[in-house]
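Residue numbers (our numbering), protein chains in the order written: chain A, 174 to 465; chain B, -10 to 323; chain C, 17 to 267.
Keep in mind the hints are simulated off the structure, nothing from the lab. Nothing here was measured: the structure is a model prediction, and the numbers come from that model. Hints are not guaranteed to be accurate.
Per the computed footprint, the stretches of chain C lying under chain B, defined by three or more beta-carbons under 8 Å from a beta-carbon of chain B, are [stated by the list, open to error]:
| hint | segment |
| --- | --- |
| 1 | 41 to 53 |
| 2 | 87 to 93 |
| 3 | 103 to 112 |
| 4 | 222 to 228 |
Below, computed lysine-lysine pairings styled on DSS-like, alpha-carbon distance capped at 27 Å [stated by the list, open to error]:
| hint | chain 1 | residue 1 | chain 2 | residue 2 |
| --- | --- | --- | --- | --- |
| 5 | B | K4 | C | K155 |
| 6 | C | K125 | C | K93 |
| 7 | B | K313 | C | K155 |
| 8 | C | K21 | C | K93 |
| 9 | A | K238 | A | K343 |
| 10 | C | K155 | C | K125 |
Ideal placement from N, C-alpha and C gives every residue a C-beta, glycine not left out.
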Amino acid sequence: MAILTIQILNSLLYASVLFLIAAGLSLIFGVMRIVNLAHGSLYAVGAYVTAWLVGRGIALGVPLKWLFLLLPVGALSVALIGMVIEPLLLRPFYRRAEEYQLLVTFGLIQILEDMMRLIWGGTPLSADTLMDALPIIHVGGLFYPAYNLVVIGVGVIAAVVLWAGIYHTKFGVMLRATSQDRRMASALGLNVGLVYVSAFGIGCFMAGLGGAIVVPTQAAVLGMGIDALIIAFVVVVIGGLGSLKGALIGAVVVSFVRTAGIQFFPELELAVLYLIAALVLLVRPTGLFGTA
Amino acid sequence: MNADLKASRSRSVLKLAAAAALMLLVLIVIPAFVEVYQMQLLIYGLIAAIAALGFNLLLGYTGLLSFGHSAYFGIGAYTVAFVVQYLGPHSMEFYILIGIPAVAIMSALFGYICVRHTQIFFGILTLAISQVVYSLALKLYWETGGSDGLRVPRPTLLLGWLSFSGPRGFQQFITSYYYYVLAVFVVCVVLMWVIVHSPFGKTLQAIRDNEIRARFLGIRIRRFRWIAFLVSGTFTGLAGILWVPLNGLTTPDVLYWTFSGEIVFTALLGGFRNFTGPIVGGMVFTYLKTYAVASTEYWQLLLGVVLVTLVLVLPTGIVGAISKLGQRLARGKS
Amino acid sequence: MILLKTVNLRKQFGDTRACDGLDFVVHKGEFLSLVGSNGAGKTTLVNLISAHLQPDSGQILLEDRDITYTSVAERIKAGIARSFQIVNLFDGLSVFDNVALSIFSREGKTVKMATLAEHDYDVRREALEVLDEFDLGSKAEVLAGGLAQGERKLLDVAVAYALRPRLLFLDEPTSGVSTRDKAQIMDTVSSVVRGGGVTAVVIEHDMDVVFRYSDRIVMMHEGAFLADGTPDEIRANKDVASILLGAPLAS
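Whenever a hint applies, use it, and build me the whole structure from the sequences.
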């Protein structure tokens, strides 16, 4: 029973991180109709930056409590990167063929992945000091790090904040208006450029936050970005691209299936997930709640 | 069609044929002037050109951007390696005979899954599939040699008539293999040219330009995309088959997403809206990569930067830019 | 003789009844104009008949054959073709290739990979004939994307016509074109279509065009038929006049 609870908690943890990544991807697609292939790599950047900052912080003797503030800082750094990328590299292509967009973001993956290798090298970078800073709690007769609950909590809070932001604030209205009809929104005086860069920034923040909160539980490694991209893709396939609800449900589904899959087919973990994606696409091409 | 149009058409076809013949002549004569190392590079270039040619049937002519073409290249390479493992070393023809159906079947299978979707989902699905194949090659190490890969010895050519051993064996192999690959390359180019100018090729372009209208001409979109995928994967797979005896070894690297990226890059570099673009891209890229790898450990970064710059500045690629230049000069003259 | 008939055809979008139980009849050989204000349901009707949309209920019969649930490809084989309101061409292909493709498709030759499209002389001849009929012969080698708007509209019709349909739907073939070009386009379209014995249904807003070229005019309003008759009969119809001019309906 305790083991089951731990499995569930682990799935929720994974779902939390996945939700952040997928929601960011979906938000960007929903508002701007573009898919940033480098989204997974930005998640990885969030992980690396956070782990590195934590490392520096520890070296400088910063008390642990303050180190937790580095999590949102890591996420913010990714948001800033995104806000530089969007106007420079993506905006020239909105009116052009979709291929160019995909090509540019693919090139971005190569740049980001190798930059991570350049800056931090091939050895994994961890931040488990943060996780260890929080107590271990008892679940049944077993031990479980309280930090994991924090991750789950962050995911839930993010979902609520996003939902509230999109549906209950003026900015949210601007986002939705621009996503419905860009030209109309612009004709009504909305600064579409500002909306775009903000939406992209928020999406990247989500990805970075996902990386930031996950890195205390699992070290940042090269290649984590691509794996994340593909799994995030599975999530949006199931949930539907452009839907917040879809990202949430998709993240939960993928996460639980993955936990179950690891139990029975550890070797083929990734393959099982990709298979699910392919199956879902076969049956319901736009996902459960998709707007694509 | 009036006589003027007909005449100008034959003139441009003649020009094309002349240019192609000239290029072929250069390629045939080159080995006399270069060393073994350069010839190896040329062979790699021709192989990259074949891979890109196959890839571009999907991108340039059908409008589908695949990020997982490394899968077909790798399946071609690993098929040859498996043949060596289980049936022993054989002639190149045998490898090709077994390899082509293998890549064709896998392309058909994966293509069937992928073409049900457009653009973004198609792209990521192709990526996901190649990652699955990659992870299988990596994890099933008892079959695939894992990250160490599998070795492939020098094959015999022309059904065993030509074999290469002894002190000068390597040099002789490279020279002979160069002409061998060149011959296959010419066949591939001719085949692809015919396909692209056939009714099938026109149909693909129509689907690329306007899917809805194509449907309202009675064209079954999905079927055509699937067939294009099959042909495309087979060409790229053939490149993989030709590659592994030269490389002597196949590893999972050749299935990794970064390799797919290289294939995409070659098409973009040469220009994916032209027939010759991928060919030029394949050859130029091979040289570019060799120098990039030699100059920095972070050549992936360099490539990424060049890719992004290309898309921003020279989206029509080398051939596209040259042809635009040519048009401007022609207009200037008249 | 009746070529096409719909029986109680219905299509609803949310609360809007685009087609409200329509019994539409098209006679063989006639040149029919489908008119009505925007949102009357004309394009929806054409979309239903050409299989762009599926009806909620009702039937579509082509010479007594029920084609209600057949696919686009099957309907084209049965002899129904259409052009689009927003010009829909293959801009990257030449004018010639655009038309040739229809013929290749019709003949089932599109899968042929091993022969050059140019070398199919039957298809070439026919494609050029069609282009000449539509006065586009001189532009055969030009890329479709490079044509003027009027020529694009003609090509759009030619591509559908090259499928040699029995029933041709043209969705606003003169929209976005100057008044002078309109007459030219309609002259060409009308003479080619009639000369080829093809039955045509044209969605049109320009009433001058409608009255000049049609054998029969069918007027739609809010998903239903309001009037149906020859140009003279329609001219005499008071309800039509009010709809067109905005006056209240005569009781």
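Provide an ascending list of the numbers of those earlier hints which the structure does not satisfy.
1, 4, 9
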